[in-house]
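Line by line, the protein sequences give chains G and W.
Everything in the first sequence is counted per this note's numbering, starting at 1 for the first residue and increasing by one.
Everything in the second sequence is counted per this note's numbering, starting at 1 for the first residue and increasing by one.
Don't read these hints as lab results, they were simulated from the structure.
Where hints are given, some of them may not hold.
[Unchecked claim] Straight line, CA to CA, 27 Å or less: simulated BS3-like cross-link-like pairs of lysine-lysine:
id: 1; chain 1: W; residue 1: 21; chain 2: W; residue 2: 41
id: 2; chain 1: G; residue 1: 89; chain 2: W; residue 2: 21
id: 3; chain 1: W; residue 1: 41; chain 2: W; residue 2: 161
id: 4; chain 1: W; residue 1: 8; chain 2: W; residue 2: 41
id: 5; chain 1: W; residue 1: 41; chain 2: G; residue 2: 89
[Claimed, not checked] Examples of chain G residues toward chain W, derived with CB under 7 Å:
id: 6; residue: 6
id: 7; residue: 9
id: 8; residue: 12
id: 9; residue: 121
id: 10; residue: 124
Glycine included, C-beta positions come from ideal geometry on N, C-alpha and C.
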Amino acid sequence: MGRRVVLIVLVTVLLLVVGGIYYACDPSSSSLLPRCTFLSLTGYKCPGCGSQRALHALLHGDLVGALGYNAMLVMAVPWVGYCLYAETKRASNPRLYVRLHNHIFITLFLAVVLLWWVLRNIFNW
Amino acid sequence: MQYWINHKGVQSGPVDLEGLKDMGLTSSAYVWHEGLTDWVKITQLPELQGYYEMEPVVVGTPVEPVVPAPAAEQPIETVAQTARQPEAYEPEQPATGYGMPAQPQYEAPVQAAVTEPCPPTNLVWAILTTLLCCLPAGIVAIIYATRVTSKYNAGDLEGAKRASETGAWWCIASIILGIICQPFMSLITMMAGSV
């Protein structure tokens with residue numbers, strides 16, 4: 001139980017620090033926050049491009065702006081949260097975990113990410 | 001801990017360890033408790049040693065217990081239940097030819113594939129690294145996540161474990177590369193901008 005508490009505290013502190021940085025700094029103007037490596041190297045957007053600006057917008061309550069920067073990230077947030085919840089409840093509720101880690105589900109997600117990657121470079125999303 | 005029992009076609013439970021003692025269980029009984037993804041043979045739970053009598057091994061297919069619904073959290077995570085029987089003992093082949101060594105016969109970990117839960121798919125990490133680390137390495141991790149589930153569904157537990165590990169390494173690599181590359185890249189862009 002002790003380890004679990006430590007873990008929860010650590011994760012919370014980390015989230016607060018990271019959240020604080022992304023709340024305070026605007027990634028589109030700040031030179032402190034890095035630009036995407038993949039974009040710099042190839043000139044093409046990666047699936048995660050814009051996620052820093054999207055986070056900044058989300059933390060300021062600007063959902064529409066966040067969707068404009070990286071729609072995939074915004075849509076993934078609730079799902080990741082649900083997956084993490086299922087992960088912590090795996091022992092007592094294996095069903096939920098299995099339902100989320102379904103093979104078809106994951107394959108579908110892979111397809112969506114790849115499609116997102118291609119389409120955002122074509123249409124400049 | 002509460003246990004559900006399926007013994008000789010009769011299902012009972014929940015009972016605790018004390019209750020198990022009085023049930024006169026034999027090694028053919030199946031057990032389920034919270035956290036297990038499927039029924040397991042009582043002989044596979046080390047904590048239950050001494051709570052059942054050994055039964056002579058019956059040759060033939062054991063009757064799979066009907067999966068009951070002990071609670072809302074009824075386990076459904078099962079590998080395709082290919083009831084793998086221990087290989088029938090083969091008499092040692094007479095040494096043929098020029099003293100060829102008889103093939104060693106390894107006892108395969110029978111049943112292991114049936115009862116173990118699916119190894120971690122690392123899906124959450126794969127998603128996060130894909131969307132946050134700015135390198136497409138996370139996508140490889142997602143591909144490995146699909147391989148974990150497909151291999152597990154096919155009953156290939158070892159393969160699933162390997163895919164799970166490889167996927168985890170890709171996640172870690174993606175995070176490390178992201179952390180190393182990013183400041184480096186911003187330095188380069190900054191210098192390029194100032195020139």
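These are the hints, each one checked on the structure:
1. This hinted pair checks out: residue 21 of chain W and residue 41 of chain W have alpha carbons roughly 16 Å apart, not beyond 27 Å.
2. For the proposed pair residue 89 of chain G and residue 21 of chain W, the alpha carbon gap of about 30 Å is over 27 Å, so the pair is violated.
3. A distance of roughly 22 Å separates the Cα atoms of residue 41 of chain W and residue 161 of chain W; the hinted pair therefore holds under the 27 Å criterion.
4. For the hint linking residue 8 of chain W to residue 41 of chain W, the alpha-carbon distance of about 12 Å falls within 27 Å, and the restraint holds.
5. With a CA separation close to 24 Å, the supplied pair residue 41 of chain W and residue 89 of chain G stays within the 27 Å bound.
6. For residue 6 of chain G, the interface hint is violated, the least distance from its beta-carbon to any beta-carbon of chain W being 20 Å, above 7 Å.
7. Because the closest C-beta pair between residue 9 of chain G and chain W is about 20 Å apart, greater than 7 Å, the hint is violated.
8. Nearest Cβ of chain W to the Cβ of residue 12 of chain G: about 17 Å, over the 7 Å cut. The hint is violated.
9. Checking residue 121 of chain G against chain W: minimum C-beta separation of about 12 Å lies over 7 Å; hint violated.
10. For residue 124 of chain G, the shortest C-beta to C-beta distance to chain W is roughly 17 Å, which exceeds 7 Å, and the interface hint is violated.
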